[in-house]
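Chain by chain, the residues:
Number of protein chains: 2
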Amino acid sequence: MKHEARLEPDLALAEALFASLREASLDPPGVTRDAYGPGEERAHALCIEAAKEAGLAVTRDFAGNSYATLPGKAEGGRTLLIGSHLDSVAHGGNYDGAAGVLAGLAALSGLVKANHRPEADVAVMMTRAEETVWFPVSFPGAKAALGRLPADALALKRSDTGRTLAEHMRALGFDPDAIAAGRRHLDPERIAGFVEAHIEQGPELIEVDRAVAIVPAISGGYRFRQARITGEYAHVGGAPKRVRRDAVAALAHIVAGINASWDRFEAEGHRIMTTFGVIGVDPAMATWSRVPGEARFTLDIRGVDLPALARMRHILDELIAEAEAKHGVTVTLGPDTGPRPGFLDEALVQRLRDCASARFIACHEMPSGGGHDALAFHEAGVPAAMLFIRNQNGSHNPDEAMEMADFAEAARILATLAATHQG
Amino acid sequence: MKHEARLEPDLALAEALFASLREASLDPPGVTRDAYGPGEERAHALCIEAAKEAGLAVTRDFAGNSYATLPGKAEGGRTLLIGSHLDSVAHGGNYDGAAGVLAGLAALSGLVKANHRPEADVAVMMTRAEETVWFPVSFPGAKAALGRLPADALALKRSDTGRTLAEHMRALGFDPDAIAAGRRHLDPERIAGFVEAHIEQGPELIEVDRAVAIVPAISGGYRFRQARITGEYAHVGGAPKRVRRDAVAALAHIVAGINASWDRFEAEGHRIMTTFGVIGVDPAMATWSRVPGEARFTLDIRGVDLPALARMRHILDELIAEAEAKHGVTVTLGPDTGPRPGFLDEALVQRLRDCASARFIACHEMPSGGGHDALAFHEAGVPAAMLFIRNQNGSHNPDEAMEMADFAEAARILATLAATHQG
Chain A
1 MKHEARLEPD LALAEALFAS LREASLDPPG VTRDAYGPGE ERAHALCIEA AKEAGLAVTR
61 DFAGNSYATL PGKAEGGRTL LIGSHLDSVA HGGNYDGAAG VLAGLAALSG LVKANHRPEA
121 DVAVMMTRAE ETVWFPVSFP GAKAALGRLP ADALALKRSD TGRTLAEHMR ALGFDPDAIA
181 AGRRHLDPER IAGFVEAHIE QGPELIEVDR AVAIVPAISG GYRFRQARIT GEYAHVGGAP
241 KRVRRDAVAA LAHIVAGINA SWDRFEAEGH RIMTTFGVIG VDPAMATWSR VPGEARFTLD
301 IRGVDLPALA RMRHILDELI AEAEAKHGVT VTLGPDTGPR PGFLDEALVQ RLRDCASARF
361 IACHEMPSGG GHDALAFHEA GVPAAMLFIR NQNGSHNPDE AMEMADFAEA ARILATLAAT
421 HQG
Chain B
1 MKHEARLEPD LALAEALFAS LREASLDPPG VTRDAYGPGE ERAHALCIEA AKEAGLAVTR
61 DFAGNSYATL PGKAEGGRTL LIGSHLDSVA HGGNYDGAAG VLAGLAALSG LVKANHRPEA
121 DVAVMMTRAE ETVWFPVSFP GAKAALGRLP ADALALKRSD TGRTLAEHMR ALGFDPDAIA
181 AGRRHLDPER IAGFVEAHIE QGPELIEVDR AVAIVPAISG GYRFRQARIT GEYAHVGGAP
241 KRVRRDAVAA LAHIVAGINA SWDRFEAEGH RIMTTFGVIG VDPAMATWSR VPGEARFTLD
301 IRGVDLPALA RMRHILDELI AEAEAKHGVT VTLGPDTGPR PGFLDEALVQ RLRDCASARF
361 IACHEMPSGG GHDALAFHEA GVPAAMLFIR NQNGSHNPDE AMEMADFAEA ARILATLAAT
421 HQG
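Those sequence lines, one after another, are chains A and B.
Quick note, in the working numbering, the first sequence goes up one by one and the last residue is 423.
Quick note, in the working numbering, the second sequence goes up one by one and the last residue is 423.
Simulated from the structure, these hints should not be mistaken for lab results.
On a predicted model such as this, the values are computed, not experimentally measured, just so you know.
Treat the hints with caution; some may be incorrect.
[Said to hold, decoys possible] Straight-line Cα separation of at most 20 Å, EDC-like style, residue types lysine to aspartate or glutamate; simulated pairs:
| no. | chain 1 | residue 1 | chain 2 | residue 2 |
| --- | --- | --- | --- | --- |
| 1 | B | K241 | A | E268 |
| 2 | A | K241 | B | D177 |
| 3 | B | K241 | A | D305 |
| 4 | B | K326 | A | E268 |
| 5 | B | K241 | A | E207 |
| 6 | B | K241 | A | E266 |
The shape of chain A in the complex, shown without the other chains:
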């Protein structure tokens, strides 16, 4: 690994692309790159243009994922994919997703500049629609490429436009019929691995003072996006406590109960996360002068600690039974759309450790709290692994930040990984 360990990623390319991506998707506060919409499409166009200029071979698949390939010395070997997504949440930051794509492009452009070709093909894959706030399905872009997106997902509607995934794909010139027909663009047998660099989205790398983490597992768990509490509306001054069926009081019992249990889990060293991201009442019915007869909420429970996840799920059922008994309401959780935790490929994880060592980069190791496209590859039987890049101010918000020096460390690891890819 002597020679390859010195190959530098093309950081100038990455810096220029971060700036042009931000400019093209500015939507104060923050940036918006809407999945299968104009924002994401502009991001793909910019990255494709940069990849072409860098001398990479560019293609697209029927689902709109883009690929920038550095051909290997020999044909017939398995392709190594380095990738992430180019969409963002509404009013999000510039680095979530894009950092992984740009780290890959910088790595391959660096190899081109050094006239270095790996033994077999390495490609940067830019996926679509990873942020599930747009379409209520996980990783539709990556899954479609792998032939694993169920046909009925094409009928799912984007949360803001109300138009279906198929309609959005067609509007951009892609081919949802190929997805409906079960075609695949990527054969798992022909892929050596999928490696995704991504900003950490949390403070752990700041706390441990490391630029990069190697990620051996991705959190999964339970995800309820349509939970609902049904009680009864009543006049605020006319209904004493004993007759109330107060949906908000019931919700507070559940939220406070989960939070108290989470405190206990933390004290015991169990590392999971619970989030009630959306709560609300029916704006057409609820006023300050009515006991609320209905409430809705979302609940996400995630981690890689399987026994702790199961225990929190059981506690949720107990809290719901208590809330129903105490407040005379009915709680329905609705469908559970949570992915299972994914334990990534140990050999590929070891390859990342070796590449980091070759560059004298001391890496942290931690599981991912968020789901990522890497999970879709892992579930398809493709060896998958991830790198986290230290970042400031979390993610999915306008203040998301990242130091280019930290990004450069991840890009160096990827450059070494790509340079030494054997097929």
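Given the coordinates of chain A, assemble chain B onto it according to the supplied hints.
Only chain B this time, still in chain A's reference frame:
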């Protein structure tokens, strides 16, 4: 009181008016009589027509309140007002407000049919805009008649139309300039009392098995309609508990804490009520995949037990301090628009007891949980009192119900009160 005690209210008039009111304001589910809008205006027109047919003298004031007067034998005496409001909440029931107006009209029509004239004038007053879901001000109709509506209330906007109170008044031909100029239609010195019959809106009369209650006090307390919690948005999988500033978790702490304290108050026999009627997050920012950085809520705390009210207010401050410390958020309650509790006129309350006794009607006694127009008169120095009519399924909801037999008992008490009015 021998003769007058036998005078029967005109229940046929009331029954016919309940039916025509329902038909004119049907808005499934329930009825909508929007304050200073078409729904309330149709209700006034129907009641005025019925009052004229019953032989009562009909007038309106500059704020759109309607009056149906049975002239007394002599001029110069003080007028007794019997009244309530004709607006309803959106998708509410047919009895909240209307029952008090129709009980008054039935009482006076009964006197007309019996050729009985009291010593001095008795009038049914039909007020406007009592339901504060429409305009964020209490009792604007009654207050305007009394010359006590602040001029700046005319600029308040209706929650659904966004048009001001003045604009709504003008559209119906009323005279907001008279209000701005501080004029009054009713001189407290010339009013013997204001008696309001109203459905109970709660289950207490059902539980004690009485048709009617005499109400010696009206609840007041604290009312926060614009409370807000500010934390920080963060990625759901990236932000561990220790760095979260979760507005929903903080809200749950406050709601669950107030509810637990309310349980203790109830066990101690302290009779107050607390309601979080509206909770929510910013729909443009909150998703299931983000730690919520902002939440808002309304909180109403009411009763007639002054020490208990003050204690709950103190507990609220403690809970807010705890939530801020534990969750790193900032809580602002916003303006407190709660009215003070109103202890009604003891002499008038005793008159109601005497009239009920004269008709052999055994009444319950209880404070009112809700604010009512009677409070506006009380605050203006007019002797005020109330009757509650037993009703089913609470109020402010489409299932609101009332037995005509119970209504008849209240109307009988009012008929006796009107018949024996001395001026």
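Output the numbers, in ascending order, of every earlier hint that fails for this structure.
Violated hint (a single one): 2; every other hint is consistent with the structure.
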